[in-house]
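In the order they appear, the protein sequences are chains A and B.
Residue numbers for the first sequence follow the working numbering, so the first one is 1 and each next one is one higher.
Residue numbers for the second sequence follow the working numbering, so the first one is 1001 and each next one is one higher.
Because the hints were derived from the structure by calculation, they are not lab data.
Please read all numbers here as calculations on a predicted model, not as lab measurements.
The beta carbon of each residue, even a glycine, is placed where N, CA and C say it ideally should be.
Watch out, some of these pointers could steer you wrong.
[Claimed, not checked] Covered stretches of chain B (in silico footprint by chain A; criterion: 3 or more residues with CB under 8 Å from a CB of chain A, positions within the stretch not fixed):
#1 1139 to 1150
#2 1175 to 1181
#3 1241 to 1249
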Amino acid sequence: MAKEKMTTAFEYAPAPESRSVVDIAPSYGLFIDGEFTEAADGKVFKTVSPSTEEVLSEVARAGAEDVERAVKAARKAFEKWSALPGSERAKYLFRIARIIQERSRELAVLETLDNGKPIKETRDADLPLVAAHFFYYAGWADKLDHAGFGANPRPLGVAGQVIPWNFPLLMLAWKIAPALATGNTVVLKPAETTPLSALFFADICRQAGLPKGVVNILPGYGDAGAALVAHPDVDKVAFTGSTAVGKEIARTVAGTRKKVTLELGGKGANIVFDDAPIDQAVEGIVTGIFFNQGQVCCAGSRLLVQESIHDELLDSLKRRLSTLRLGDPLDKNTDIGAINSAEQLARITTLADQGEAEGAERWSPACELPSSGYWFAPTLFTNVTQAHTIARDEIFGPVLSVLTFRTPDEAVAKANNTQYGLSAGIWTEKGSRILAVAGKLRAGVVWSNTFNKFDPTSPFGGYKESGFGREGGRHGLEAYLAPSSPEGKR
Amino acid sequence: MSTVDRTNERLTVFKTYKLYVGGKFPRSESGRVYEVTDSKGKWLANAPQASRKDARDAVVAARKAFGGWSGATAYNRGQVLYRVAEMLEGRRDQFVREVADAEGLGKSKAAAVVDATVDRWVWYAGWTDKIAQVVGGGNPVAGPFFNLSTPEPTGVVAVVAPQESSFLGLVSVVAPVIATGNTAVVVASEKAPLPALSLAEVLATSDVPGGVVNVLSGRTAEIAAPLAAHQDVNAIDLAGADEVLAKELEIAAADNLKRVLRPQPVDDWTATPGLDRLTAFLETKTVWHPTGSLGASGSSY
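Bound-form chain A, shown alone:
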């Protein structure tokens, strides 16, 4: 087949979203017992915009003493909050959902500034999902008797929640909405590189009139997260982040009463069969690995292509990648934003270099990177084998490893050949093949002829070392309720 000339991207004039909708204060405190307060030891840290390295604000850094204060506040608030009729808790959550909708443009711009992801994503994906999540769980608060966890299911108590930087406000919603709906109170630690949207959420709690101490926000580093997880008066630990930290948490809570849910890493296989609609598959592959710069635990970071269409698919994919626009995250036409931190950029760079060193073939479209900020061009690796590090380790960046297969059995075997089991994709026009392959994949979420779709009603979570427990849907309630069996009751 003749090679077609690479198409060039259209020229676009800059179309930046206005920063003026958000007013970022020069400094923020911890949010404990309904008040903003300094850290006990007075420590602070700076949060920067990853696309420019501009300092956005200075934020109080929580330490062990602050964890103590926050857990105490949450414990105190638990008694009244858990005793409220579910219908009253529901109304607080509905209020929060509505205020998020009202302030969604402000929050989208804020998130894009603090995280570096394109405004297109925060505006059209993150924020609508955040509001929807609160709206969904609000409705559960007075219907728990009918949720299938026994009559009169009980909350656990104080939930310690630690969230990552890739979807700061959405991960907050996934943690806080079900916890509050079921009658628990919360101490949440946002990631050190993206503390701002959680602090704005604290303000939303105040606007909604949420009782003091029901939600406490502790910006800080890993030490604060570790102190929270280990705190003896925490009844429930929910963590989203790396598998390595997840294992550490599992060890910390061993032998305690704490209920744990872990949503960890992934190395999702996106499987394209020879009868797949190529153009749609290409869009799905792009969404799978370049959405949020690939900093997504369920990213389709391994492309498994049926051998017979490898060249054709790769040609189309490369052509498509050449049209992706990388740059100012606030620009409405931007497809690829900044990497969240210098540290993450270094990790992606190291792993990509390792891919090259181990013999895989590297390709990126012609792409000019901005001179300041943290950037990584969309990258493809072909000639990748299962033994390569880039086919095994989670890169958490815009890097796609391409492998091939001949038969459906081989595709399934390769897809499952990983310590992880979070997501997978299947592209084929044949319905029975979708069902057969989906049934064999050891992954918690499978997208057929689509990728990276999320919904508050849809349970999300992994098999194997991608963690345990589910977030979203009716299933997501279980993580915050005491066991119902007679055997489990004391």
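Since the structure of chain A is provided, determine the placement of chain B on it from the hints.
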């Protein structure tokens, strides 16, 4: 007749108790046995004292059996589990004797325990083709997608069986694990392993494929430790571990993020179980399918 009638003093034939691994009855590869006594200290048998190697062999057998067992229809698994109850009923007297010896119960109390155990198999046999409807289902996502969540077995589950309730407790923790399609490596009660080893003989003649349940006897801590640390074990039920051992095993289990069911106080094993043991070793898989759209026109009837 000049010879004395000695039929009442006939020398009985002892049973050599063995492990159950991959559908076969091996002795421990270590060649070790340990003395099992009744509640009054009277010798009952020499049980095999399984080693780390036996534990690893059992995991290999359980992994090998997982594809077939998890892939069997739920109806088929229900038939097989019900068959276990049938076989058990036929050997009721033997189990009443063994449970009475193991737990120091009178005959009628031991009989009640065995009856409850048979009924427990029946209870779980009926769950195999119902649990997916109770815990799975369609999710009404806001978009043109058919979105379905289904439960799937976690994989190979290590089961540290209860120490005191050697038979009813054992079945109460093993049956829910395999009902949902997992395969199991069971560490029998250390002090009272004989009912578990005899149960293996029932399983072997009940259409349960070899490797679906593997039974090991010996020192609980010695066998459970390599199982908790094993990279090809997906989950562990700590029912029979004491507080100190349970914590050690949970820490070891974190290495590959096994699903851990912590020991729970059980006052009465005869109470009807809830769903917790069935759902403890289930994963939820959610699959999204685009539905397309026929547009706004179309029949309103």
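Here is how each hint holds up against the structure:
no. : hint         : result
1   : 1139 to 1150 : holds (count 8)
2   : 1175 to 1181 : violated (count 0)
3   : 1241 to 1249 : holds (count 3)
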